[in-house]
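Engineer: Sequence:
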Amino acid sequence: MRTLYRTHFELSPKEGQPLDFASLREKITQWAQTRPKISNAPSVDVLSSDLPRSEVGENCFFETRSYDGDHGQAWGIRTSMPDEEPDISWVTETTLHRTPENSLWFSCTLLVGRQGETLSPVFRPPNNPGIVRAILDAAPGRGILPLGSKPIPCSSKDQVIDLLLRLLTSPSRRHPVVFVASDREGKTLIDVRKLAEQLAGLAYVIVAENDQVSLKLNEHLSDKHNCFNSGVRLYWPGFTTKCNPLAHPLWTRPKISQLNAKHPASLGFTILNRIASVSSFITSSTLVSWQKIMEWQRAEAIRKAKDNNQQDEMLELFEADNADLKAQIDQLREELSERAKEVNRFKSQADNYRAALESGGSETANRTLAENIGSVSEALDILAKEHPETLVLAWNSKSEAETSPYEDAPSVLEALRWVATTYHAARSGACPCPDLGLSLREQVEGWTFEPHQKKGTMSHPKHKAWYHTTHEGKTFTLPAHLKCGSTKDARHCIRIAFNWDAESQKVILGYLGQHQENSSS
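Residue 851 in our numbering sits at position 338 of the sequence shown; the count goes up by one each step and never skips.
No lab work stands behind these hints: they were computed from the structure. What you are looking at is a predicted structure, and each value in this text was computed from that prediction instead of being measured. A portion of the hints provided could be inaccurate.
Said to hold, decoys possible - The calculated EDC-like cross-link candidates involving lysine to aspartate or glutamate, where the alpha carbons are at most 20 Å apart (straight line), are: (1) LYS911 - ASP1002; (2) LYS996 - ASP948; (3) LYS817 - ASP583; (4) LYS663 - ASP650; (5) LYS663 - GLU523.
To be verified - DEER-style ranges, computed between Cβ atoms: (6) SER798 - ALA939: 27 to 35 Å; (7) GLU985 - ALA943: 20 to 28 Å; (8) ARG766 - CYS944: 45 to 53 Å; (9) ASN640 - SER941: 17 to 25 Å.
Ideal Cβ placement from N, Cα and C applies to all residues, glycine included.
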């Protein structure tokens, strides 16, 4: 299964309310019992100990594990819920761990995967399980500022600014900071309460009370590191006043307005996706996962069987342990594969940016560096505004232009800028290009250009919808296409098909998505 989301933090008591392991465990079990589609949930008492995997509704399952030993006290519940697609399941693993030193930690991991033998990609965006907010409301996360589910107001008072700067630059900070600037009237462009709920457990959401906060921060941060005029900035852990500002994404007022026009929560989903894609790989030594509790349980059982010379029981436990380790290895391999794809994607972007900077930076490259593009849809919006004189966006019914999950949106923009400039100039005769394929490969790493597709496939009635589009009453075939990626995972594979219209002297973009359907599909 694929890890979509993971949060992990130490809890701190509210004033006058000591941390109680049992009450927090009960809060988690009550949340599990009241989830949709649960029809016969066990009692709280049953769930507080060890419950084998049990069906609690149609295709809904609970399983609990508890441990009390040398590593402290731990308990976890694993819930499995069906997706709208019948062979896809959502699994939530929630754990509590009281250490021997008496600190209390909470973790929650969300996974999704396809059951059975169907070989088809699964794309689901991350979301924030409600139990995370419930736990934070009962006991906030420990830190310089409390990690919670509500926005933290920030005034321009010196002591408040000093505390914010201390948080931003602390080398021990574990969670990102999302800073929301305000305008003169103290207004923001987004619903900060909703944003804090979306990012609960993953980030601090800090909201400036007025524009004086940003002005005060400017006494300590450069303009490139600061955030003004209702903008929003994501400060990753490791931030310093001398770091590369491009490493800490900034959404300006125009960008936020553009996202709000699509959906009021678009920015929140964009930031959630960015942070979750990193948090899902947490491997901290303080993280006690569902698997870790099972390991501790089995190690304790093996020790007891060994002390009592119970050879048969030891053999069964060792076999179970090996099976569990194999499952963990398979899961780690899957996550490692995902991590490798992420690393390669970011490396490709970094190499492109480095080349642009080393060469002095073209206007196009510099625009890309500053745009902080979070989705293919955003890239297409920018493209439409930049090149209306050379491009027509006429996506056909099979296209995923608005919904494409492809993750390297900046490279999509760069590839289509190549179509709008180099390819257009070559087709119009303004500037011939002897090798268009080489030109694209040199400009956008990992992308290739093909001028033709099979005529038989494009004209076949079964596949026609994939290879044709219409614009102003005229039908166009789509023989030319750009490609990046070879996997069937839509996050890492994309195809863009188009044609040249000699009459209008424009490029007609007609398809964007994964592999187009053909006789082999």
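Engineer: Given the range 45 to 53 Å, decide if the beta-carbon distance of ARG766 to CYS944 lies inside it.
Structural biologist: violated (37 Å)
Engineer: Verify the proposed pairing of LYS663 with GLU523, using a straight-line Cα cut of 20 Å.
Structural biologist: Answer holds: LYS663 to GLU523 is near 17 Å, not above 20 Å.
Engineer: Is the straight-line distance between the alpha-carbon of LYS996 and that of ASP948 20 Å or less?
Structural biologist: holds (16 Å)
Engineer: Check whether the Cα positions of LYS817 and ASP583 lie no farther apart than 20 Å.
Structural biologist: With a Cα-Cα distance of about 14 Å, the restraint between LYS817 and ASP583 holds, given a limit of 20 Å.
Engineer: Range first: 17 to 25 Å. Now tell me if the beta carbons of ASN640 and SER941 are that far apart.
Structural biologist: violated (47 Å)
Engineer: Is LYS663 within 20 Å of ASP650, Cα to Cα?
Structural biologist: Roughly 9 Å separates the two Cα atoms, so the pair holds.
Engineer: If you check the beta carbons of SER798 and ALA939, does the distance land in 27 to 35 Å?
Structural biologist: Distance hint for SER798, ALA939 is violated at roughly 56 Å.
Engineer: Holds or violated: LYS911 with ASP1002, Cα cutoff 20 Å?
Structural biologist: Given pair LYS911, ASP1002 holds - Cα atoms ~17 Å apart, limit 20 Å.
Engineer: Could you tell me whether the CB distance from GLU985 to ALA943 stays inside 20 to 28 Å?
Structural biologist: holds (23 Å)
The earlier numbered hints that this structure contradicts are 6, 8 and 9.
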